[in-house]
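Participant: As they're listed, the protein sequences go chains F and G. Residues in the first sequence are numbered consecutively from 1, following my numbering. Residues in the second sequence are numbered consecutively from 1, following my numbering.
Some clues are possibly wrong.
[What the hints assert, rightly or not] Cross-link-like lysine-lysine pairs, in silico, DSS-like; alpha carbons within 25 Å at most: (1) G:Lys594 with F:Lys281; (2) G:Lys594 with G:Lys649; (3) G:Lys380 with G:Lys466; (4) F:Lys50 with G:Lys560; (5) G:Lys558 with F:Lys46; (6) G:Lys380 with G:Lys469; (7) G:Lys26 with F:Lys50; (8) G:Lys603 with F:Lys46; (9) G:Lys626 with G:Lys646.
For the record, the hints were derived by calculation from the structure and aren't laboratory data.
Single-letter residue listing:
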Amino acid sequence: MLLIILKLILLPLLAPLGVGIIRKVKAMMQSRPGASIIQPYFDLWKLFHKNETISRDASWIFLVTPYILFAISCIVLIAVPVFGKAEIHVPFGDFLTVIFLLATGTFFLALAGIDVGSPFGGFGSSREMTLAALAEAILIFTLLPVAFLTDTTNIAMMAVLATNLSMISYFALLFAFLGYLIALFVETGRIPFDNAATHLELTMIHEAMILEYSGKRLALIEWANANKLFFFALLGANIFFPSGLTMYSDTMSLLLALVMSLFKVGVLLVVVALIESVIAKYRFFRLPDILLTGFVFGIIAIIATNAL
Amino acid sequence: MSSTLFTILLSFFSVGALLSLFWSQKKTISNLCSNLFAIAGSLTGIILGAFILVTQEVTSLIFVTGLPLFSLSLRFDMLAGYFMLIIGLIGLASSLFGMGYMRQYFKLYNIGLFGFFYNLFLLSLFLVVTASNGLYFLFVWEIMSLTSFFLVIFEHKHHDTIKAGILYFIMTHVGTMFLLAALLLLYGATHTFDFWQIRVLAGTIPDWLKDTVFVFALLGFGTKAGIIPLHIWLPKAHSAAPSHVSALMSGVMIKMGIFMLFRLFLDIFPNIPLWWGIVVLIIGACSSLLGVLYALAEHDLKRLLAYHSIENIGIILLGLGSSMIFFSLQQPVLAALAALAGLFHTLNHAVFKSLLFLGAGSVISQTGTRNLEKYGGLIKVMPYTALFFLVGAVAISGLPPLNGFASEWLTFQSLFAGVQDPRIGLRSLFLFAGGALALTGGLAAACFVKAFGITFLARPRSTESKEAKESSWMLVVPMGFLAVLCVAIGFGAGNVVAILEQVVAQFTLFRPSEIVAHEGSTVVIQNGFASMNMPILILTLIAVTSLVFLLTRWVSRKQKVVRDVTWDGGYTGLLPFMEITATAFSRSLVLIFKGLFQPTQQKKLEYIDANIRYFTKTHEINFATKNVFEVYLYQPLLAVSIMLTKKVKQIQGGNLNAYILYIFLTLIGLFFWARYF
Numbered sequence: 001m002l003l004i005i006l007k008l009i010l011l012p013l014l015a016p017l018g019v020g021i022i023r024k025v026k027a028m029m030q031s032r033p034g035a036s037i038i039q040p041y042f043d044l045w046k047l048f049h050k051n052e053t054i055s056r057d058a059s060w061i062f063l064v065t066p067y068i069l070f071a072i073s074c075i076v077l078i079a080v081p082v083f084g085k086a087e088i089h090v091p092f093g094d095f096l097t098v099i100f101l102l103a104t105g106t107f108f109l110a111l112a113g114i115d116v117g118s119p120f121g122g123f124g125s126s127r128e129m130t131l132a133a134l135a136e137a138i139l140i141f142t143l144l145p146v147a148f149l150t151d152t153t154n155i156a157m158m159a160v161l162a163t164n165l166s167m168i169s170y171f172a173l174l175f176a177f178l179g180y181l182i183a184l185f186v187e188t189g190r191i192p193f194d195n196a197a198t199h200l201e202l203t204m205i206h207e208a209m210i211l212e213y214s215g216k217r218l219a220l221i222e223w224a225n226a227n228k229l230f231f232f233a234l235l236g237a238n239i240f241f242p243s244g245l246t247m248y249s250d251t252m253s254l255l256l257a258l259v260m261s262l263f264k265v266g267v268l269l270v271v272v273a274l275i276e277s278v279i280a281k282y283r284f285f286r287l288p289d290i291l292l293t294g295f296v297f298g299i300i301a302i303i304a305t306n307a308l
Numbered sequence: 001m002s003s004t005l006f007t008i009l010l011s012f013f014s015v016g017a018l019l020s021l022f023w024s025q026k027k028t029i030s031n032l033c034s035n036l037f038a039i040a041g042s043l044t045g046i047i048l049g050a051f052i053l054v055t056q057e058v059t060s061l062i063f064v065t066g067l068p069l070f071s072l073s074l075r076f077d078m079l080a081g082y083f084m085l086i087i088g089l090i091g092l093a094s095s096l097f098g099m100g101y102m103r104q105y106f107k108l109y110n111i112g113l114f115g116f117f118y119n120l121f122l123l124s125l126f127l128v129v130t131a132s133n134g135l136y137f138l139f140v141w142e143i144m145s146l147t148s149f150f151l152v153i154f155e156h157k158h159h160d161t162i163k164a165g166i167l168y169f170i171m172t173h174v175g176t177m178f179l180l181a182a183l184l185l186l187y188g189a190t191h192t193f194d195f196w197q198i199r200v201l202a203g204t205i206p207d208w209l210k211d212t213v214f215v216f217a218l219l220g221f222g223t224k225a226g227i228i229p230l231h232i233w234l235p236k237a238h239s240a241a242p243s244h245v246s247a248l249m250s251g252v253m254i255k256m257g258i259f260m261l262f263r264l265f266l267d268i269f270p271n272i273p274l275w276w277g278i279v280v281l282i283i284g285a286c287s288s289l290l291g292v293l294y295a296l297a298e299h300d301l302k303r304l305l306a307y308h309s310i311e312n313i314g315i316i317l318l319g320l321g322s323s324m325i326f327f328s329l330q331q332p333v334l335a336a337l338a339a340l341a342g343l344f345h346t347l348n349h350a351v352f353k354s355l356l357f358l359g360a361g362s363v364i365s366q367t368g369t370r371n372l373e374k375y376g377g378l379i380k381v382m383p384y385t386a387l388f389f390l391v392g393a394v395a396i397s398g399l400p401p402l403n404g405f406a407s408e409w410l411t412f413q414s415l416f417a418g419v420q421d422p423r424i425g426l427r428s429l430f431l432f433a434g435g436a437l438a439l440t441g442g443l444a445a446a447c448f449v450k451a452f453g454i455t456f457l458a459r460p461r462s463t464e465s466k467e468a469k470e471s472s473w474m475l476v477v478p479m480g481f482l483a484v485l486c487v488a489i490g491f492g493a494g495n496v497v498a499i500l501e502q503v504v505a506q507f508t509l510f511r512p513s514e515i516v517a518h519e520g521s522t523v524v525i526q527n528g529f530a531s532m533n534m535p536i537l538i539l540t541l542i543a544v545t546s547l548v549f550l551l552t553r554w555v556s557r558k559q560k561v562v563r564d565v566t567w568d569g570g571y572t573g574l575l576p577f578m579e580i581t582a583t584a585f586s587r588s589l590v591l592i593f594k595g596l597f598q599p600t601q602q603k604k605l606e607y608i609d610a611n612i613r614y615f616t617k618t619h620e621i622n623f624a625t626k627n628v629f630e631v632y633l634y635q636p637l638l639a640v641s642i643m644l645t646k647k648v649k650q651i652q653g654g655n656l657n658a659y660i661l662y663i664f665l666t667l668i669g670l671f672f673w674a675r676y677f
């Protein structure tokens with residue numbers, strides 16, 4: 001219980017750092033000095049202390065969505081493995097529950113996009129739901145092989161048990177990881193799917209939906225996004241590369257496991273930033289091809305898992 | 001006790017039907033009578049269903065009639081009790097809704113006749129789930145089909161309604177024809193129409209005959225349930241009927257097909273072959289995926305909901321199909337889990353789909369149109385309808401923490417269990433079904449963002465929507481009741497699973513001791529492979545959201561909130577037609593799945609100067625999708641049957657001499673037949 005409350009406070013506080021790291025690496029790849037990696041914290045601070053302008057057309061959906069979105073992004077962070085065996089007793093740690101919780105957040109965000117009646121918001125919602133509908137299946141299918149290998153769908157337990165897997169099963173998991181990476185890119189709105197750095201009406205997806213937000217609500221949405229990125233990075237790092245998770249629950253081992261997890265997340269985020277830097281954004285109607293590839297990776301992994 | 005309650009139920013509906021017909025001239029009294037008695041009857045149904053589920057008592061009643069083979073056999077068991085509970089809940093909400101909703105028809109149509117058929121329809125639903133004699137079953141099944149047909153064509157002054165009704169009439173009777181054939185085949189093999197004697201004698205039926213009965217029953221009950229490709233009547237009939245009738249048809253009547261499929265394949269026939277389950281699973285996967293895709297392309301609110309019924313029937317069949325497969329593989333625990341998932345989703349779909357249809361009815365009664373493009377901004381004028389519709393939309397998209405999530409989760413888990421099967425063929429099949437379900441979930445969410453967002457959010461796109469008001473309390477209360485039910489079933493998923501374990505345990509195929517799917521409020525399956533606790537999830541969500549709200553308020557306590565216009569890009573103000581429309585919203589998905597939809601796009605361009613083709617004066621785009629099933633399946637079928645009838649017509653030349661010749665030839669033929677065969 002204590003560990004759950006600790007995660008509920010600690011992980012959202014660490015999350016903006018992930019965004020900072022990605023921005024820094026991308027800046028360095030573009031030969032710019034870039035902002036400091038703690039810049040996202042300053043951004044949030046500033047947004048929380050700005051006055052807010054809300055459209056007259058907005059209904060209560062628009063008003064409550066940021067709170068729901070942020071709460072969900074914190075709750076899914078509770079379920080994700082960080083330490084190891086000490087945290088497997090989360091009552092909603094099942095991976096389907098977590099994926100569908102995230103989908104609930106997306107659902108409300110898409111509604112908020114339509115709510116203000118701006119053409120940008122509506123198209124952002126349409127694009128987001130199109131991609132989310134296809135991405136959800138990939139996420140389920142890439143986590144499923146791990147669930148089969150470890151005989152549980154509790155994600156913390158999956159990560160703990162994955163430490164004992166044989167080398168040969170990693171062959172199957174390699175495909176699952178590739179598929180998962182694609183899901184990560186689409187769910188967190190990264191190039192080639194979406195580009196969080198532009199506001200070009202022809203290409204933006206996520207930014208189009210939140211165009212009308214300002215002040216504290218925008219801060220919550222940005223933070224929720226950082227949480228989501230952090231969640232996907234932690235999940236990917238600890239499920240597919242579980243070494244470092246501890247079986248013990250004394251303070252020293254827990255601390256060590258936390259440092260190891262953060263290190264792995266850092267590496268994964270750098271890799272994500274590097275991939276983002278070397279590819280271009282895809283045309284919207286070519287995105288289903290990449291998504292299909294991710295889906296096929298998942299199927300290969302499941303078949304390989306069962307064949308083992 | 002059961003029989004007493006059932007008699008009360010029977011009399012409530014019959015009296016309601018007759019009184020409403022009797023008062024036909026006084027519309028208000030007639031409407032009140034029919035709906036009040038329907039409410040009383042539905043309440044009795046709820047009590048009866050709950051009574052059976054609690055006492056777990058099986059009662060059989062047989063009234064022998066003078067007619068050979070035809071006896072009024074009733075049987076109240078757990079499965080029947082469960083379905084009676086569903087019928088009662090939805091009947092209650094729909095009847096209360098109907099009391100207010102029917103007022104708009106007072107000047108136009110015959111309310112007394114409607115009340116008569118409405119009560120009979122509800123009654124026939126209760127009769128169908130309790131019937132246990134084949135002929136008697138067909139009789140009440142036919143009452144159900146006919147009364148619902150009359151309810152569908154209620155708004156008979158619209159030409160489209162009559163067309164939809166006739167299509168429904170034809171399709172449902174083609175289905176009944178297959179059912180009749182199936183029952184006669186069973187009679188031929190066992191010499192009885194009684195379901196429970198058939199169950200005893202099922203081992204003696206030859207395999208080929210069982211297979212034929214399976215195919216016929218699947219076609220017959222599948223037509224009623226609306227499986228693809230027998231679904232074409234469903235979107236048309238559901239959108240033509242008054243909304244609370246659509247709620248009953250979609251929430252309950254199509255479930256009668258599902259009920260009988262569960263009854264036949266899991267209860268009556270032992271030792272089902274593997275391929276039966278495989279067929280049902282494939283049909284389930286295709287129906288769920290195609291249903292949701294067609295729903296996406298729809299911009300008629302009620303047709304959209306009707307296509308979602310096809311999708312959800314598919315999800316229920318995924319549960320039933322995997323249950324049948326597991327049973328033929330001798331894995332009763334998994335079979336029970338899958339059957340449980342299917343039955344759970346049956347209840348959930350009944351609740352949220354009726355809620356959505358009632359919500360649609362409330363919107364339609366205010367705006368007078370079913371076209372999504374004409375709505376917009378209704379959340380401000382109809383706040384309660386919007387809230388309840390949103391609850392239904394979240395539930396049907398299978399999103400936590402509502403009830404739809406709980407049953408879709410269970411269905412996923414039973415499919416995952418199948419994916420772990422050692423046989424490569426079966427594993428691929430379950431993988432296909434799992435993929436279909438995963439994709440269906442995501443697409444359903446996209447579709448309901450569209451349905452809710454385009455209807456209730458942004459600014460009104462027509463004067464009707466601008467001037468709409470909240471519906472009367474008689475329309476709002478039943479929606480609220482169903483919305484609360486959505487939340488409550490989600491919260492108490494563990495308890496519902498506990499009840500369903502008992503229902504499933506009464507199938508002859510399973511032994512009760514083998515089914516364990518819950519520990520307290522936690523749903524646990526396959527010895528802890530997966531578990532889910534809805535109450536904790538819901539409470540955590542509420543707690544964290546409130547915490548976030550309070551913290552944010554405290555952090556930004558000094559900041560002001562200003563209301564202003566939506567940013568219009570420096571333009572002169574946003575007009576309603578600049579908002580996204582339903583067609584635009586789903587356009588990208590339609591284009592991604594264009595092989596299926598075969599979209600056609602016609603552009604009409606008019607240039608200011610035809611020589612310089614840069615500046616257009618008018619620009620008209622007509623975006624339409626092709627109904628693949630009608631074009632490639634039903635129209636050829638129709639063409640062939642018309643061609644055959646024309647050929648047959650040639651022997652009917654109107655020449656009397658020729659007809660006498662036919663009679664003469666037939667007579668000679670008969671003589672030979674009698675002499676030599």
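Participant: Next, verify each hint and record whether it holds.
Facilitator: Hint check results:
no., hint, verdict
1, G:Lys594 with F:Lys281, "holds (23 Å)"
2, G:Lys594 with G:Lys649, "violated (42 Å)"
3, G:Lys380 with G:Lys466, "holds (10 Å)"
4, F:Lys50 with G:Lys560, "holds (8 Å)"
5, G:Lys558 with F:Lys46, "holds (13 Å)"
6, G:Lys380 with G:Lys469, "holds (9 Å)"
7, G:Lys26 with F:Lys50, "violated (63 Å)"
8, G:Lys603 with F:Lys46, "violated (49 Å)"
9, G:Lys626 with G:Lys646, "violated (29 Å)"
Checked against the numbered hints above, the structure violates hints 2, 7, 8, 9; every other hint is satisfied.
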